[in-house]
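A.B. asks: Construct the complete structure from the given sequences, taking the supplied hints into account.
Same order as they appear, the protein sequences are chains A and B.
Sequential numbering of the first sequence, starting at 1, is according to my numbering.
Sequential numbering of the second sequence, starting at 1, is according to my numbering.
What the hints contain is simulated information worked out from the structure, not anything from laboratory work.
Backbone N, C-alpha and C define an ideal beta-carbon position, used for all residues, glycine too.
Hints should not be assumed to be uniformly reliable.
[As the list claims (entries may be wrong)] A short, non-exhaustive set of chain A residues, derived as facing chain B with CB atoms under 8 Å:
{"id": "1", "residue": "ILE133"}
{"id": "2", "residue": "ASP137"}
{"id": "3", "residue": "LYS140"}
{"id": "4", "residue": "GLY165"}
{"id": "5", "residue": "ARG169"}
{"id": "6", "residue": "GLU170"}
{"id": "7", "residue": "GLY173"}
{"id": "8", "residue": "ASN174"}
{"id": "9", "residue": "LYS177"}
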Amino acid sequence: MELWFSEKHTPHVKLSIQVDRQLYSGESDYQRIDVFESHEFGRLLVLDGYLMLTEKDEFIYHEMLVHVPMAVHPMVKKVLVIGAGDGGIVRELTRYDTIEQIDMVEIDKEVVDVCRQFLPFTASKFDDPRVQIHFQDGLKYVRHFEDAYDLIIVDSTDPFGPGEGLFTREFYGNCYKALHTDGIMVNQHESPFYPVDAVAMQRAHKRIVESFAISRVYQAHIPTYPSGHWLFGFASNCFHPIYDLKAKEWKKREIKTRYYNTNLHRGAFALPNYVQQLLEDVEHVDLV
Amino acid sequence: MYRLDQNQIPIVTALQAVHDQRLVPFDVPGHKHGKGNRALTELLGERCLRLDVNSMKPLDNLCHPVSVIRDAEALAADAFGAATAFFMVNGTTSAVQAMILTACKKNDEIILPRNVHRSVINALVLNGAIPIYVNPQIDSRLGISLGMSVADVERTIESHPNAKAVLINNPTYYGVCSNLPAIVQLAHRRGMQVLVDEAHGTHLSFGDNLPISAMAADADMAAVSMHKSGGSLTQSSLLLCGPRINASYVRQIINLTQTTSGSYLLMASLDLSRKVLAKNGREIFEKVVNMAEYARSEINEIGDYYAYGRERLNGDTIFDFDSTKLAVNTLKLGLAGIEVYNLLRDEYDIQIEFGDLGNFLAYLSMGDRIQDLERLVSALSEIRRRYKRAEADLLSYEYISPNVVRSPQEAFYANKIQVPLEDSADRVCSEFVMSYPPGIPILAPGEQITDEIIRYILYSKEKGCSLTGTEDIDVNKVNVLVE
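C.D. replies: Right under this line is the structure:
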């Protein structure tokens, strides 16, 4: 018997992972949720047929969204996390003892419940006393805050589906408003490789550039995501992700990571020419 | 509560049967189930093209319905509480025109509010009737025209006792309702028919806490835009008639201008949508009202915006309010409604229904989702943060009472010359000047141009309203009657 999970990365390309068994399948108010056990990648979380994370490579994604801004901002105390129902972002954040408050806003409570049950490797820190989970629309939550957070991490699904509102100008503008003047926003930024993803990536970049003074894109290699080449956004009105990198201070924290290090931090912002071109095509202003 | 079985969808059922029969088509349309136009089939889908067929024996004929279309119209009449109903395939415009052409002829008077749709005045150009305008009251805080006051209608009826009909715009685009039952009573006492432009009120027949519908208020005819809140395809509409109306005469009137190749896609969408409304309408519109109320409270919380609702009721010109409408006043923000409309579109990828000088309208329907409302509310909050201005430089909306010196028909067909707009004061206009949205005429054929009107046109232009109706596309010149 062979059981395979397949995801179409384009209408003509697909990634298939052989699975051992299905651990969970359910339909929430917002989406279909599936969890599989696989031989090569461990457990898989799948929403509406799209692979969200695998046990084997989730560390790359979560480390890159958390440690990059944390190594730039000198003193993050209050963090807002949008999405991230699997708990991976919260897990990485709780490793910083200087962080005082983590507000996580996830629209779909069932994702959190399912992850608590089946993905203990990411959903391990929801009960940390600093963590407060709000089950509501991220766009709505963030609208009500002004000058309130040091760091906002946007861990959204793709821009087609429940995550749609998190790729909009109104959302990025509201994040700008919710941040302190020296705040940082990082976001899941899609992939530059396949045309449909690239268009979504460009739209997101355009919207962020319009909202923040500094907006840079960085990359990582994530084997199970379409094309394997994935981007993240770094936006701030104060900090530059490389010039303001505090490598020594970060190393002093002695946080053990498997993917991230401060040399890689600098390198991650060095983008291939075709990606730079895609980004420049939608930038109206010359950036630093 | 319905006389007929509202589960039936006779046109859809017949259309599906024809589709399954795999007939060899030696009739029109010439695309022959899409095989003759692959590009179009790719665009619209094979199923759509296979259903795009012409009238034939099992499918009845819209011009003279005797089977499935007749049955579907009877079901629609039953669902809307009307004596008869007509499927219209040329928009609610054609339904409005059919009402007017039925109720009056050349030189007959018809009483109507100025804020009627252009299709009404176009109908007067067709049949030569004379408009007697009732000045709709203005809400000066909001800068919108309201319903007709019962006293104004009564006075107009007294001074024009020979008028054949009263036309009412109910609800207005903004959701404002007049005292329909009282106006119907007044008109009927004088033997006048009551025609209701109910384009924005399809749902009124299917909600528990919604204003009274035209048919329930005993009006004689109503034009209902099924494609707005009813969920059918664009351009499909219904004409409803009460028991006093001679339906065969109405059919003759409709056939004067209606296509003889009525689209089955449109008719099937009317048939199916009527079923959905009859079966689930109450539930659907309760949900829409709840979404609208939620959006109203969130928008009002942002500050400066005013999303108005039932608190505006005044017992007369705002006798009732259609709570599914999400109309928002923007004057305190220092931005015109049309500016917010443009910002939402250009900066936030949100398309709303219209913006005028002081308001915009977001159209809510059965197809909306709460997360899309969150986007709208968030974008409005951002627009306030980024673009708020001092309130001062906005001119408030003024109702300019028209001076009708020639009948619309006379003026339309008279000899005319084109003059620059700025030099047109005191001349008689021979064409429309529309500000669109919201589609209410500033000038109609036969009306005198004044300095005030010229200033208002220039201002609307400057604010980005789309001005249409004149032969000169840019509305720098207007056609006036040769003196």
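A.B. asks: Evaluate each hint against the coordinates.
C.D. replies: Here is what the structure says about each hint:
For ILE133/A, the interface hint is violated, the least distance from its beta-carbon to any beta-carbon of chain B being 19 Å, above 8 Å. Nearest Cβ of chain B to the Cβ of ASP137/A: about 5 Å, under the 8 Å cut. The hint holds. Interface hint at LYS140/A: satisfied, since its Cβ lies 5 Å from the closest Cβ of chain B, which is below the 8 Å cut-off. Taken as an interface hint, GLY165/A checks out: its beta carbon lies about 5 Å from the nearest beta carbon of chain B, inside 8 Å.
At its closest, the beta carbon of ARG169/A sits 5 Å from a beta carbon of chain B; the interface hint therefore holds under the 8 Å criterion. For GLU170/A, the suggested interface contact is upheld, since its CB lies about 4 Å from the closest CB of chain B, less than 8 Å. Nearest Cβ of chain B to the Cβ of GLY173/A: about 4 Å, under the 8 Å cut. The hint holds. Annotation: interface hint on ASN174/A holds; nearest CB of chain B at approximately 6 Å, less than 8 Å.
Against a cut-off of 8 Å between C-beta atoms, the interface hint on LYS177/A holds, since the closest Cβ of chain B lies about 6 Å away.
When each numbered hint is compared with the structure, a violation occurs for hint 1 only.
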